[in-house]
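The primary structure of each chain is shown beneath.
Protein chains: 2
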Amino acid sequence: MAVTLKDIAKASGYSITTVSRALAGYSDVSEKTRNHIKAIAEKLGYQPNHIARQLRSQKTRTIGLILPEAAYTATDEFFSLFMMGIGHAASLYHYDLLLGVQITGDDEIVAYQRMVGENRVDGMIIARTKHHDQRVAYLQSSQTPFVVFGRLDPSHPHNFAYIDVDSTLGIQCGMEHLISLGHRHIGLILSPLEMVYTDYRLQGYQKGLTAAQLPFREEYIVVGDLKTESGYALTHTLLDSQPQITAIVACNDHMALGSIKAAQERGLRVGHDISIMGYDDIVAAAHAHPSLTTIRQPIFEIGEQVAALLIQQIEKLNSINAQHTLLEPTLVVRESTGPCIHS
Amino acid sequence: MAVTLKDIAKASGYSITTVSRALAGYSDVSEKTRNHIKAIAEKLGYQPNHIARQLRSQKTRTIGLILPEAAYTATDEFFSLFMMGIGHAASLYHYDLLLGVQITGDDEIVAYQRMVGENRVDGMIIARTKHHDQRVAYLQSSQTPFVVFGRLDPSHPHNFAYIDVDSTLGIQCGMEHLISLGHRHIGLILSPLEMVYTDYRLQGYQKGLTAAQLPFREEYIVVGDLKTESGYALTHTLLDSQPQITAIVACNDHMALGSIKAAQERGLRVGHDISIMGYDDIVAAAHAHPSLTTIRQPIFEIGEQVAALLIQQIEKLNSINAQHTLLEPTLVVRESTGPCIHS
DNA sequence: CTTGTTTTCCAAAACGTTTTGGATTATTAT
DNA sequence: ATAATAATCCAAAACGTTTTGGAAAACAAG
Chain A
1 MAVTLKDIAK ASGYSITTVS RALAGYSDVS EKTRNHIKAI AEKLGYQPNH
51 IARQLRSQKT RTIGLILPEA AYTATDEFFS LFMMGIGHAA SLYHYDLLLG
101 VQITGDDEIV AYQRMVGENR VDGMIIARTK HHDQRVAYLQ SSQTPFVVFG
151 RLDPSHPHNF AYIDVDSTLG IQCGMEHLIS LGHRHIGLIL SPLEMVYTDY
201 RLQGYQKGLT AAQLPFREEY IVVGDLKTES GYALTHTLLD SQPQITAIVA
251 CNDHMALGSI KAAQERGLRV GHDISIMGYD DIVAAAHAHP SLTTIRQPIF
301 EIGEQVAALL IQQIEKLNSI NAQHTLLEPT LVVRESTGPC IHS
Chain B
1 MAVTLKDIAK ASGYSITTVS RALAGYSDVS EKTRNHIKAI AEKLGYQPNH
51 IARQLRSQKT RTIGLILPEA AYTATDEFFS LFMMGIGHAA SLYHYDLLLG
101 VQITGDDEIV AYQRMVGENR VDGMIIARTK HHDQRVAYLQ SSQTPFVVFG
151 RLDPSHPHNF AYIDVDSTLG IQCGMEHLIS LGHRHIGLIL SPLEMVYTDY
201 RLQGYQKGLT AAQLPFREEY IVVGDLKTES GYALTHTLLD SQPQITAIVA
251 CNDHMALGSI KAAQERGLRV GHDISIMGYD DIVAAAHAHP SLTTIRQPIF
301 EIGEQVAALL IQQIEKLNSI NAQHTLLEPT LVVRESTGPC IHS
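Residue numbers (the numbering used here), protein chains in the order written: chain A, 1 to 343; chain B, 1 to 343.
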């Protein structure tokens with residue numbers, strides 16, 4: 001059986017209270033007894049029972065993260081890195097990370113209710129915001145501390161803490177890069193419309209066009225589902241109907257890789273006859289042939305920051321609890337983009 | 001404030017005991033009162049306090065997994081998938097997954113003591129066993145249920161549950177494939193020697209040679225650190241000193257990708273002038289140029305199985321608590337291996 | 001009308017900790 | 001020596017649940 005305060009109390013002759021206070025470092029226990037008690041605790045191999053502590057203190061020192069179903073049906077580098085960043089920061093603050101997964105068929109919010117409502121965690125982290133995100137609404141109504149990676153529509157009030165990467169800027173940089181290479185007809189393979197970041201990326205596309213005084217053509221835009229196959233199929237669709245396109249921006253690397261495959265099937269030399277860029281800089285991007293020009297977001301570090309922010313909020317260390325941070329992504333130029341041969 | 005049994009008791013006029021037993025479905029409470037109590041619980045939005053339950057029942061319904069430092073300094077598909085498999089199975093059993101990370105500088109075992117000794121979890125999962133694995137020894141001494149993905153040296157007693165992939169068989173299949181393509185001089189880039197699976201893979205290499213009556217040459221073997229750079233450097237080393245080598249087996253895909261790069265730098269056409277194969281089938285393997293022949297292990301499914309096994313062990317559902325499962329990996333043939341041009 | 005049985009309920013203890021509000025003893029000041 | 005102060009200590013309550021071991025009420029059998 002595990003050693004408890006009671007055992008130490010019995011072994012030392014002091015009360016449970018004194019043992020507790022001795023180990024906790026209170027000043028109302030003499031150095032002599034403290035050392036005595038500490039020695040016995042050490043000898044017996046005492047380790048505090050975290051559950052009892054949680055119950056008494058009404059704090060779990062645990063933060064929660066729910067993995068959406070999509071994250072584990074597909075290999076998802078994003079969630080993997082994000083989670084590791086969170087775990088790393090959490091452990092520096094001596095917090096635990098409780099991981100939930102969304103079960104097929106369950107309402108998304110069920111997993112959150114389990115974590116929050118049943119007192120498993122002190123706060124939650126959410127990512128990949130959707131329009132009218134249920135999770136934000138639920139967490140706000142339940143008064144649970146939470147930090148978001150991502151934003152809502154600009155029209156919603158952002159009275160909560162978030163960290164986001166400026167994906168408008170990211171796509172805009174990519175557009176500048178392509179335009180500077182001479183491309184004038186640039187296709188866009190969007191991420192699903194329910195994702196909030198899709199809006200911001202579309203904005204980046206538009207801003208990029210506007211800055212170069214190029215017209216916005218709706219027919220250059222298609223909507224994908226983030227998977228390789230989708231990028232592959234949509235590239236064929238796009239190039240079939242709009243053959244004048246010389247460059248394609250995909251909203252994630254997986255779709256960009258599919259896009260490369262489609263272009264190559266059409267006999268196009270990617271990086272020469274057509275330029276393709278992705279978003280995320282996954283591991284495979286560097287190993288693709290040609291290697292993929294893309295936009296990198298420091299996901300691990302964002303995870304760390306999000307966790308740190310949440311813990312500060314839980315412990316009320318920062319008075320502002322609706323802190324907003326917007327990070328800049330970086331353009332990684334590789335071989336899949338090159339000068340426009342038609343210019 | 002959260003609604004407790006006390007609140008329901010007060011609101012319904014029954015005692016806390018009866019409320020508890022009504023909600024738990026005991027037969028010693030009449031249907032009428034049960035319905036009454038359930039209605040009130042529903043109305044008040046009662047959710048049981050998991051911490052109090054844990055304390056009272058002395059069970060956490062939580063399993064723990066510690067990510068080694070290496071897993072988050074490098075993007076690690078293995079741990080990501082493994083963890084998601086675990087999380088998925090755990091949630092089907094209504095268990096939680098608590099994630100720890102090993103902090104730089106801390107002894108490996110500290111994170112385990114925290115989880116187990118401080119009662120955070122009912123059982124642990126460990127992976128990537130090393131020789132004389134401290135973790136196995138600790139968990140056995142602390143009487144904690146645990147399941148291992150991987151084995152120890154064959155010489156050690158395996159009086160604990162594990163699931164492993166037969167990597168001897170995996171490498172052996174790879175060797176057969178290469179030998180059937182005519183290769184006679186096959187280099188091996190090993191994983192670090194402290195990893196137990198390295199032994200099994202080396203055995204597969206030897207078995208493959210023996211089966212084809214080829215001599216074992218120590219000078220065809222080099223030891224890498226699993227990173228791309230290491231595969232790159234060691235391939236140069238190997239081909240500098242043993243130019244007769246026409247095929248290389250790397251113990252993971254990252255090293256194999258480095259190996260491809262090195263070979264290409266030497267003007268070799270991978271898949272023609274030289275054959276290279278990896279192990280793991282990471283996402284990038286399919287996107288490499290040439291695409292990488294490799295050995296696939298169903299990591300997500302293994303995670304699921306390991307978790308299910310652990311939970312059964314925790315709940316003493318299976319009498320045998322040292323169940324052993326050895327799964328077969330599958331060879332995925334792609335472009336990086338081809339007929340030996342020297343044969 | 002007893003007696004025995006079944007149904008329905010509940011007070012109290014327990015899980016291991018922290019905190020509250022003193023109580024006791026030792027020390028210092030007068 | 002006495003009063004005031006400081007230094008140590010501790011009993012009891014609390015966190016929210018489950019379980020134990022009955023008690024009371026309702027019902028059935030004799």
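Incorrect hints may appear among the rest.
To be verified - For the chain B half of the interface with chain A, some residues (derived, Cβ under 7 Å), not all of them:
id	residue
1	S80
2	V101
3	T104
4	T330
Don't read these hints as lab results, they were simulated from the structure. Don't be surprised by glycine CBs; every beta carbon is placed ideally from N, CA and C.
So, going through the hints one by one against the coordinates:
1. S80: 3 Å, holds
2. V101: 4 Å, holds
3. T104: Nearest chain A Cβ about 9 Å off; hint violated.
4. T330: The hint is violated - T330 (chain B) has no Cβ within 7 Å of chain A, the shortest such distance being about 17 Å.
Consistency note: the structure conflicts with the earlier hints numbered 3 and 4.
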